[in-house]
Amino acid sequence: MPIGYYLALSGVLFAIGAAGVFLRRNLITLLLSVEIMLNAVNLSFVAFGRQQGSVDGQIITFFVMTVAAAEAAVGLALVIALFRHRESLNPEAFTSLKW
Amino acid sequence: MGSDLILFGLFAAVAVMGSLAVIGQKNPIYSVLALILSFFGLSGLYVLLEAPFVAVVQIIIYAGAIMVLFLFVVMLLNVPREDAAEWDRTHPYYRPAPAVLGSALAAATLGLLAWAFSRTPGLGAGVADARPAASSVGQLGRVLFTDYMFAFEVTSILILIAMVGAVALARKREQ
Amino acid sequence: MSGVLDWLTMPQTIFFLAVTGVVFLALQVSAAVFVYAERKVAAFMQQRYGPYLVGPKGLLQPIADIVKLVFKEELRPKAADGLLFAAAPVISAIAAFAAFAPVPFGASTTFFGLLPEPMPLQVADINVAVLVIFAITSMGVYGIVLAGWASNSKYSLLGGLRSSAQMISYELAYGMSLATICMIAGSLSLREIVDAQAGYYFGVIPKWNVFVLFPTGFIAFLVFGTAGVAETNRAPFDFPEAEQELVAGYHTEYSSMKFALFFLAEYINMVTAAAVTTNLFLGGWHGPLIPEAYGWIWFLIKLFVLCFVYLWLRWTLPRFRYDQLMAFGWKLLLPLATINLLVSAAGVLYFGL
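Same order as they appear, the protein sequences are chains A, B and C.
The number in the working numbering is simply the position in the first sequence, starting from 1, with 18 added.
The number in the working numbering is simply the position in the second sequence, starting from 1, with 71 added.
The number in the working numbering is simply the position in the third sequence, starting from 1, with 950 added.
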């Protein structure tokens, strides 16, 4: 199994996640797209770690997961707080600096 | 070797299709479910990479906890089925220009990655050829609690801050 | 092609397929037995007779129940999300069946010399079995949550939301007590954990994990058992389907076979929880008098006792209030499990287990 396959897959997943962030106008989907990107990076970490025969790649994956959990918690709390004000999940609804 | 390739193709297809489905349709509930599917594909890939612990943790943490949180919020808010701003030209938030620019940027990301790929040597090297796998939970724990001790402790503080922040943000304020 | 045929006719393969099939069937039958047992136990506790008309002592009641369920009309609310409404019970049932796969239920055996080398009595011997079971059970919540959302009914939605909050909350205490045992046993493989429990302390007390590093093992057992009841949504933690408040919770809108699948999943989850508890804390198939080769008899005895405790709890304890449930999980169970983990870690270091 050449490492290139894993890296290519990781790149494709990252691009999909990036496209989601750029294209979608729904805060929840934006957060999900960020998760896709984080996971794409995880995949290359684990693949490189396997090639080096070390556990460091897997350990960095755990840290990424922890950060993703923290990000999801804070992000979703923000989404709930914003939704209370505007009844919308479109980022365009929150362009004013004050309400 | 052959069966490895087939499994890789299968899991990779699940991961890519799942991710595409996340950004490709309008109902957030289905997006969350598609992402869970994609996580299962990734989990299979981790098993192929001889990292069973990461594979299981991926399911427990991502699919079992983080995604339930997402689903919970989507259900709680009863989010509109679709975001009309993305296709309705009369919608006040309809913005075609950023979408075009965004797709261009995503395509550019992919192009840049492909370009970087074409110039990277050693991509054909087998991922499991050179060294034996290091993936026992004991090894992971030893390295995590010695070499990465500081990062581990900082992460716990991060989680604490996130917890406090989430509670503070989501709390209802008395008007 | 001949390679596949060779593989299919190998004794190992045949016995592996046989074991898998037996487990699959046994889980289904256990659900039927559970239905009968639940009714009879409930009747006993409430000083009634329970089912007694169908068959001798009402023994054929589960079959009558199944026939009734199969022939019922399948209803689907007009506003329901068709795909997810149909997928939810399937997810529940699959998660319930799959969770039993890594559970061993007997010592390795050659089946009276029919096999060249002993094979383990379990469907899949995985070296991170404990975590795999944990992962698959945590998938079960999706069946309930999606059922609640897809039904498009307020009772179902409330049931689904309650269940997801409850399962996430109790998973933490569950995982902590699991970690305690894995740390003491020094392994994540259920088979190794069970094998470490063979033998006796001072020749009398069995070396089960309930008694290990007393009282930490016992506390872990209590926390694990309590969280297990909450994970399987059984009384006194049966909020997702609290009849008096939510009609039937997440499966309010379900009927016929879809409803039957939820029921099947619930009972199989109980069997799995009891089996995992047996393996982790009660020495699995190890016990006095019965030789190792017939250890599965001990396993079944312990399993039945635990299942009876489940029924006993349901018909004895009243349901918690929702805020009490959350307070209990977060303020009592989780700190207890965490402190217990720390104490047993110190114990492992001090005694050098």
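Because the hints were derived from the structure by calculation, they are not lab data.
Among the clues, some could well be false.
List time: in silico BS3-like cross-link candidates among lysine-lysine, alpha-carbon distance up to 30 Å [what the hints assert, rightly or not]: (1) K243/B x K97/B; (2) K243/B x K1022/C; (3) K1028/C x K97/B.
Here is how each hint holds up against the structure:
A threshold of 30 Å between alpha carbons decides the hint, and for K243/B with K97/B the separation of about 29 Å falls inside it, so the pair holds. Of the pairs offered as hints, the one joining K243/B and K1022/C is violated, with about 46 Å between alpha carbons and a cut-off of 30 Å exceeded. This hinted pair checks out: K1028/C and K97/B have alpha carbons roughly 21 Å apart, not beyond 30 Å.
In summary, the one numbered hint that this structure violates is 2.
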